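*Asks:* As a plain string of letters, each chain reads:
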Amino acid sequence: AQSVTQPDIHITVSEGASLELRCNYSYGATPYLFWYVQSPGQGLQLLLKYFSGDTLVQGIKGFEAEFKRSQSSFNLRKPSVHWSDAAEYFCAVGGTIKAAGNKLTFGGGTRVLVKP
Amino acid sequence: GAVVSQHPSWVICKSGTSVKIECRSLDFQATTMFWYRQFPKQSLMLMATSNEGSKATYEQGVEKDKFLINHASLTLSTLTVTSAHPEDSSFYICSARDLGRQGPSSTGELFFGEGSRLTVL
Numbered sequence: 005a006q007s008v009t010q011p012d013i014h015i016t017v018s019e020g021a022s023l024e025l026r027c028n029y030s031y032g033a034t035p036y037l038f039w040y041v042q043s044p045g046q047g048l049q050l051l052l053k054y055f056s057g058d059t060l061v062q063g064i065k066g067f068e069a070e071f072k073r074s075q076s077s078f079n080l081r082k083p084s085v086h087w088s089d090a091a092e093y094f095c096a097v098g099g100t101i102k103a104a105g106n107k108l109t110f111g112g113g114t115r116v117l118v119k120p
Numbered sequence: 482g483a484v485v486s487q488h489p490s491w492v493i494c495k496s497g498t499s500v501k502i503e504c505r506s507l508d509f510q511a512t513t514m515f516w517y518r519q520f521p522k523q524s525l526m527l528m529a530t531s532n533e534g535s536k537a538t539y540e541q542g543v544e545k546d547k548f549l550i551n552h553a554s555l556t557l558s559t560l561t562v563t564s565a566h567p568e569d570s571s572f573y574i575c576s577a578r579d580l581g582r583q584g585p586s587s588t589g590e591l592f593f594g595e596g597s598r599l600t601v602l
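Sequence lines, in order, name chains R and A.
The first sequence runs 5 to 120 under our numbering.
The second sequence runs 482 to 602 under our numbering.
In case anyone wonders, no lab produced these hints; they're calculated from the structure.
Computed from a predicted structure; not experimentally measured.
It is possible that part of the hints are untrue.
What the hints assert, rightly or not - Pulled a few chain R residues facing chain A out of the computed Cβ check, cut under 7 Å:
hint	residue
1	Gly32
2	Ser43
3	Pro44
4	Leu48
5	Phe110
6	Gly113
We put the beta carbon where it would ideally sit given N, CA and C, even for glycine.
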């Protein structure tokens, strides 16, 4: 069974400081990994995804994530956060449409608060 | 880009009534849509997979008769919460993948709707 763990329920960071959100996954085959962001009362927006190839993935809004197979991790980073980055962030793991029906399993989420 | 729209964005209903939530793919076709439920400050839990032209596939523990799903066309799936009770109050989110972009070996990107908040009094 696939699972995702986001160890940090919430993180507070100062504007301009760097941010790292942790994500650990469990998946029986080659994982396909995603990071989504959700603003209050809104749906999810895809930040970035990893399917294969370069383990450092660039996404939108200045985010990047690094896939480390040995650690079963896919941590999200941003060098300098902006107040608009305050939101809930979800890590998700899935498989191919054929293998997993395109189902995604989400982590519990990490709420990011940005101090001025 | 691919857009998924949900309607209504929020709805308040009385206990015992039924509520229908629509999920539409506006600029692409989707044979499969997914319905998620999200409790406050919690993650998304997959409820069911909606398949165009066939019955939905429900996750374990989700009541089929409670949450009726219909996928009548390649751009529309509906979730009907029947005989709603206060414990059904939640944020419901749908997602869809673009049929035209992916094959069976692809995970494809899922596009999410903006969510529908249901409050049952």
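*Asks:* Could you run down the list of hints and mark each one as holding or not?
*Replies:* Right, here's what the structure says about each hint:
1. Gly32: Result: violated, 15 Å to nearest chain A Cβ.
2. Ser43: Violated - the Cβ of R:Ser43 stays beyond 7 Å from chain A, reaching only about 10 Å at its closest.
3. Pro44: Nearest chain A Cβ about 10 Å off; hint violated.
4. Leu48: Cβ of R:Leu48 sits 4 Å from chain A, so the hint holds.
5. Phe110: Holds - the Cβ of R:Phe110 comes within 7 Å of chain A, reaching about 5 Å at its closest.
6. Gly113: 5 Å, holds
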